[in-house]
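Residue numbers (the numbering used here), protein chains in the order written: chain A, 1 to 261; chain B, 1 to 431.
Because the hints were derived from the structure by calculation, they are not lab data.
Watch out, some of these pointers could steer you wrong.
[To be verified] Sample of chain A residues lacking proximity to chain B, with all beta carbon distances greater than 12 Å (derived):
| no. | residue |
| --- | --- |
| 1 | Thr56 |
| 2 | Ser97 |
| 3 | Ala204 |
| 4 | Leu243 |
[Said to hold, decoys possible] Derived CB-CB ranges, DEER-like:
| no. | chain 1 | residue 1 | chain 2 | residue 2 | range |
| --- | --- | --- | --- | --- | --- |
| 5 | B | Arg32 | A | Leu144 | 50 to 56 Å |
| 6 | A | Glu259 | B | Asp236 | 44 to 50 Å |
| 7 | B | Asn95 | A | Arg201 | 55 to 61 Å |
| 8 | B | Glu93 | A | Val46 | 52 to 58 Å |
| 9 | A | Ala183 | B | Ala28 | 50 to 56 Å |
A virtual CB, placed ideally from N, CA and C, is assigned to each residue, including glycine.
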Amino acid sequence: MTILMEVVAEQWEYRELLVRMTARDLLLRYKQTVMGFGWAIFMPLVNTAIFSVIFTRVATIDVGTPYPVYAFCGLVAWNFFASSLRFSVTSLTSNPSLVTKVYFPREIFPFSAVLVSIVDFAVSATVLAALMLYYRVDVGWPILMLPVVFLAIVIFTAATSLLVSMANLFYRDVKYLFEIVIAVWMFATSVVYPIGRVGGRLGAALALNPMTHLIDAFRAVLLDQRMPGMAFGFTFAASIALLGIAWVTFHLAEFDFAENL
Amino acid sequence: MSAVIFEGVSKKFRRGERHDSLRDLVPALFKRAFHGAPDRQALADQEFWAVRDLSFRVGAGEALGIIGPNGAGKSTTLKLLTKILRPTRGRIEINGRVGALIEVAAGFHPDLTGRENVYLQGAIMGMSRAEIARKFDAIVDFSGVQEFIDTPVKRYSSGMNARLGFAIAAHLDPDVLIIDEVLSVGDVGFQEKCVTRMRELLARGIPLVFVSHNLSAIVQLCTRAILIDRGAVQFDGRPAEAVAEFRKARREPIAAGAAAPDKPIAITDVQLLQADGEPSPLFTTGRPMTIRVGYHARQPIRQPHVAIDIHGVDGVYCAGINTRMDDCALGTLEGRGFVDLAIAKLSLLPGCYTISAGILDPQGLRPLDLQERAFPFSVVSDRRDFGFVYLEHQWTHANGAEARPVSRHDARLSPRPARSLAAVAVQEELG
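Pulled out of the complex, with its shape left as it was, chain A reads as follows:
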């Protein structure tokens, strides 16, 4: 526990560097790509269009809200998670000169990947708001819980980011494995369809997926005017615990990073 307090304090000391590194990544993306932040909107929109065709024309499912809003909402949240991990997984290995030559808390790399994705999330959230207006989705007071739900998603994402960035540093093929896992994981989560409708043993197993509860809660407060349930509460608590464990593990392994890069 004291280690955790120490690493959090140290990270706080280096908060300016975290902001700087995030700014660097955003600036680079803006300079290096023509569309800049447009990608943050473009990808979920394309996916929404594809899945809208599948689930409204081919295999029709009723999700209670207009399907494009349902899908885009899930995709925005999922994309935040997936792109955070995608940036994190190579964040340590793609900065060898910094990792082996200068000291600062290494968690800055995965954390800045998460912060960059938060900016993307904010950009695509404006499109989500526009879609909700277009489809006349009513919002109620449960939307006040949105920051709490988003915080839970950020905490779970940060914890996972720490683990994947560290794993890829020690075992370089993790990044290939990651691509497969993230693709499967998306379809095991209620991103574009309600996974809760899967019954039996498989359903029970899928119910253990924390991302499902987080995305369900995200939709509940945003689209369904519902408060998040018990499952979300458990997931939130578990995410905080996971972040603590991941952070301490990361810190203990940190000193071996330079030797393994």
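Assemble the complex: chain A is given as a structure, and chain B must be docked to it using the hints.
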């Protein structure tokens, strides 16, 4: 309180390759499960102690130089100091903010402009945004890349890159400064700026750790030096003595004491003698030094000339003396003997130097034997002057009325009563 404390620090590395992919890890785990763990001896054989039981302290106002041959553990020590590596055993304590002039441009991103990189690198070194903003102009000024500050650094030359990086590092106000070979950055003018900046920090009492192969810089800049070899401290003391110790260990014997059959004459040895006639690798500014060139002549050589050159370790040619230019006749050299060059008052400032000795034909053109930069020595002194040469001097201030001496260096400018350094002219005596 010491700013840097190393106490029994050891660092172990493993030789050989580690598994760095799951593809290798999985079979290895299976092998382990079926054949048992590899035996302890095999593991111990793969271990390698880069640093072994290293202890030292650096206090306020102290500049510690770390020297040693390649592979002695200097880089590992440096990485331990900057917290990049954690010791396997022992304790490291560093009080305050560490400013490391190592890889000063490590955080630079090629696509960002100089300005953006200053902010980024500054943050990496631990400066706050406000602090960088305040020092920004000074940093750019120091670096000398004003015109290109809004150009992406990928268009910078490597020198500009390093200068900008160093400028940022130089404006960090550290509690402990750690330097690694940065003196090789930029041109002479820039290097002087860097040394001045380091002296400024040192004068403010900021402890400094300097790791370098530039032995002269160590002697000029440091107040203390340790010699490390095979991961442990071999010597701890005055920089010039540490350097002398280091060179003694590395010096190779020459000529095997006799001339090769195909050579008419050979230099068998060059000894550097102090006033008492004792050989020493260490001399003091203003004190006598005798260079004794031993020879072995297979046949009588009539009227040859002897030449002595002194170079600074960085290649600067400090002095060249030979019997031909001094119109000095040595007579005939036969059998074994030696020629002494006595310098009454050594006017070299603290640093590391090497001596080359040669025996030339009577015309003074063709060398009969030449030992180039084979004999190192170090100079120590209380003098704080810059450069290579001590010039006898006195300050005078004229203000309308009569001119009057304001001070004599040996009376007031020197912190300690300096030895009398009267004549600077080098006298040669040939025996």
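Quick rundown of the hints versus the structure:
With a minimum CB-CB distance of about 41 Å to chain B, Thr56 of chain A clears the 12 Å threshold, and the non-interface call stands. With a closest Cβ-Cβ approach of about 5 Å to chain B, Ser97 of chain A is found to fall inside the 12 Å limit, against its non-interface label. Distance to chain B confirms Ala204 of chain A as a non-interface residue, since its nearest Cβ pair spans about 29 Å, more than 12 Å. Leu243 of chain A, annotated as away from the interface, keeps every beta carbon of chain B farther than 12 Å; the closest lies near 23 Å.
Taking the beta carbon of each, Arg32 of chain B and Leu144 of chain A are about 54 Å apart, inside 50 to 56 Å as hinted. A beta carbon spacing of about 28 Å between Glu259 of chain A and Asp236 of chain B contradicts the range 44 to 50 Å that was offered as a hint. The beta-carbon spacing between Asn95 of chain B and Arg201 of chain A, approximately 59 Å, falls within the hinted interval of 55 to 61 Å. The supplied range of 52 to 58 Å is met by Glu93 of chain B and Val46 of chain A, whose beta-carbon atoms lie about 56 Å from each other.
At about 28 Å, the CB distance of Ala183 of chain A to Ala28 of chain B disagrees with the hint of 50 to 56 Å.
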